[in-house]
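Colleague: What follows is each chain in one-letter form.
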Amino acid sequence: MYDSLLELFIGKWSDFINSFSPDEMEMEAAKKVQVLFENQYLVIGTVMFLLVALTWAFYYIWLNNLPGLFYKKKYWLMAGFFCSILTGIITFIIIKFQVNINIPFGRYLFGIVIINCVYSIIAYFFFSILFNGFTNAKTTPFKLF
Amino acid sequence: MSTFLFCIGGTGLRVMKSLTMLLASGYKACNEKGEDEDIIPVLIDPHKSLDEFTNCKKTLDKYCEIRSLITMGTVPGDNFFHTRLVSLDNLGLNDDGNPNFDYDLRLDCSFGEFIRKSKLPTDSASQDLINLLYSESNINRSLAVGFKGSPNVGCVVLNNFEGQNWFQQFTAKFGQGDKVFIVASVFGGTGASGFPLLVKKIRSCGNTYLQNASIGAIAVMPYFELTPPKKEDPNNDINSSCFITKTKAALSYYDKELKVDSLYYIADDKQQKPYINDEESQQNGTHFIEFMSATSVLHFIKNTPANQNKKPADRKTEYYSICIDKNAEVLNWDNIGMAHQEIIYSLLNYYTFTVVNDLAKGEKDFPLRQTSGFNDTFYNSGFFQLLDEFNKDFYKWLKELSNNDRAFAPFRLSENRILNDFPLQGHEFSNTKNCLWTKIPYGLSYYLHEMILLEKKYKKRNMDNVYEQYTEMMYEAIDNINKFIK
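So the sequence lines, in the order shown, correspond to chains W and S. Per our numbering, residue 1 is the first one in the first sequence, and the count goes up by one each step. Per our numbering, residue 146 is the first one in the second sequence, and the count goes up by one each step.
Isolated chain W, as found in the complex:
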């Protein structure tokens, strides 16, 4: 899911690798970047889902059990926004630390961060509509059950 979107919006990995030709060493390093990226997809996906679940719990279970008119849509949107930002930051940190190769791959880093942010927003939306009926929260945005 990450790879196809990265290739769609940022560019094909093969183009990225070929962009370093004829320097074989750098091409090898670029291939390693691709492998290391692919190795992190599960981690960043898991992290994204964990953060979404935490945000959902924070909003629906904790915040909505407090007074303060937190049922308002703006608070639900704010929770989603912060979840997305946090996902982006953590994705950036994971990739930055795990893909420790000395060639410029900033575009892919930026791409994966944005993709994970967007995924977190989508996941937060689905979590909200699927699970808010199981909590005491009576918040209304996009309630299915």
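Wrong hints could be hidden among the right ones.
[To be verified] Dumping the calculated DSS-like pairs for lysine-lysine here, alpha-carbon to alpha-carbon at most 27 Å:
no., chain 1, residue 1, chain 2, residue 2
1, S, K506, W, K73
2, S, K506, S, K203
3, S, K207, S, K318
4, S, K601, W, K74
5, W, K74, S, K584
6, W, K73, S, K578
7, S, K207, S, K537
8, W, K96, W, K32
9, S, K509, W, K72
10, W, K72, S, K602
11, S, K541, S, K207
12, W, K74, S, K578
13, W, K72, S, K584
14, S, K601, W, K72
15, W, K72, S, K578
16, S, K604, W, K73
17, S, K509, W, K74
18, W, K72, S, K506
Since the hints were derived computationally from the structure, they do not count as laboratory data. Fair warning: this is a prediction, and the values are worked out from it, not measured in the lab.
Once you have looked at the hints, place chain S on chain W.
Modeller: Below, chain S without anything else, positioned relative to chain W:
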């Protein structure tokens, strides 16, 4: 079980209005067994053009209409408007709508015409006796504006109420276990004369239950002064300097001639600024004494048993006086005395309700709009138009109490209908919740959140009447938040 509440004269009407406000706040009229007691107000005042009469009647009408929409003929739970106020006409029916509290006592003639003085032969002993007992102004005064502080006129005019429709209904509908309470001032005309007459008529009527009924009364003694009557207005002969003399005369008469089971006394000498002496309009704001007098009705209902073992003549009168803790110019939660705090708490909850109700209408995201049907259609219904009118009267009533002399000002009254501070004067909300690193400030959100938490419980009850559900939820939510003060 019912208590027939006779409110005689201007003070009686004012006390009735205060009682209506207190009952709207959910304060219950419970008898000695803890059962709910219905109250049947009977307003007796021949001065029908008086604003106070119209206001009192309108307030009662609104109360009954609102309550009938909330209860729909069922027994209400803990709620605002809990106690049933029912007109004599509606007593025995299951419908409290369209009540009639107006018994036409208006007399459009002078006192001289009423007693047919002109028909008496001149120079007769009767003429001489009348001239001895009544001044020229007594004789010529129109009865359409009441008795203008002349009990000697009132006791003659009011002496014929056996023939009146309301008295006949009263004697016919009074049953076992019912009680009577009379509210009257003893320093004026209508109340001072009507009170002993009514007791005598009750004790001598044909209904055995009524003859032996428990009767309570509050004798409201002087609590305000009037500006001296103007010389250019010869008809204005109410002079507050006579109030004490009149009171003494009335009390000495009552002491010998009047047998009631519970007699309450109340008075106040704190007023610094006298009322304007205008018998026509009597546009004086609600006074703390009128409000306190209203509490005596509830005290009587709770403490005096309906069924007495002895005949009225053999029973002893219980005497009560209503006291406050500190003789302060401005009375509030802290200085009024613990005995009255429960009443203030009820009013606090109703005042909170008036504001929360206003603000909740504008809360477009409030989840209960969707889940419980508290939506725009609901808020735009006739019920809310009535409630809003009543709540305006309630606010005005509280404002008048807080501006009068002595002032009863336990609340922070907000003209702009905002709820930034806890409404009880001198007290802060102590149950604020923390959210991350900040405290959630006191306000509307606490009450709405409590309603959200209560929704599940109310859904289980499957209430058909959404007005009952709404007011009862509000009542419980407000009580849950405000009860920290008790």
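Colleague: Hints first: check each against the structure and report whether it holds.
Modeller: So, going through the hints one by one against the coordinates:
no. : hint            : verdict
1   : K506/S / K73/W  : holds, 17 Å
2   : K506/S / K203/S : holds, 25 Å
3   : K207/S / K318/S : holds, 24 Å
4   : K601/S / K74/W  : holds, 25 Å
5   : K74/W / K584/S  : holds, 19 Å
6   : K73/W / K578/S  : holds, 21 Å
7   : K207/S / K537/S : holds, 12 Å
8   : K96/W / K32/W   : holds, 14 Å
9   : K509/S / K72/W  : holds, 9 Å
10  : K72/W / K602/S  : holds, 23 Å
11  : K541/S / K207/S : holds, 15 Å
12  : K74/W / K578/S  : holds, 20 Å
13  : K72/W / K584/S  : holds, 18 Å
14  : K601/S / K72/W  : holds, 20 Å
15  : K72/W / K578/S  : holds, 18 Å
16  : K604/S / K73/W  : holds, 24 Å
17  : K509/S / K74/W  : holds, 12 Å
18  : K72/W / K506/S  : holds, 15 Å
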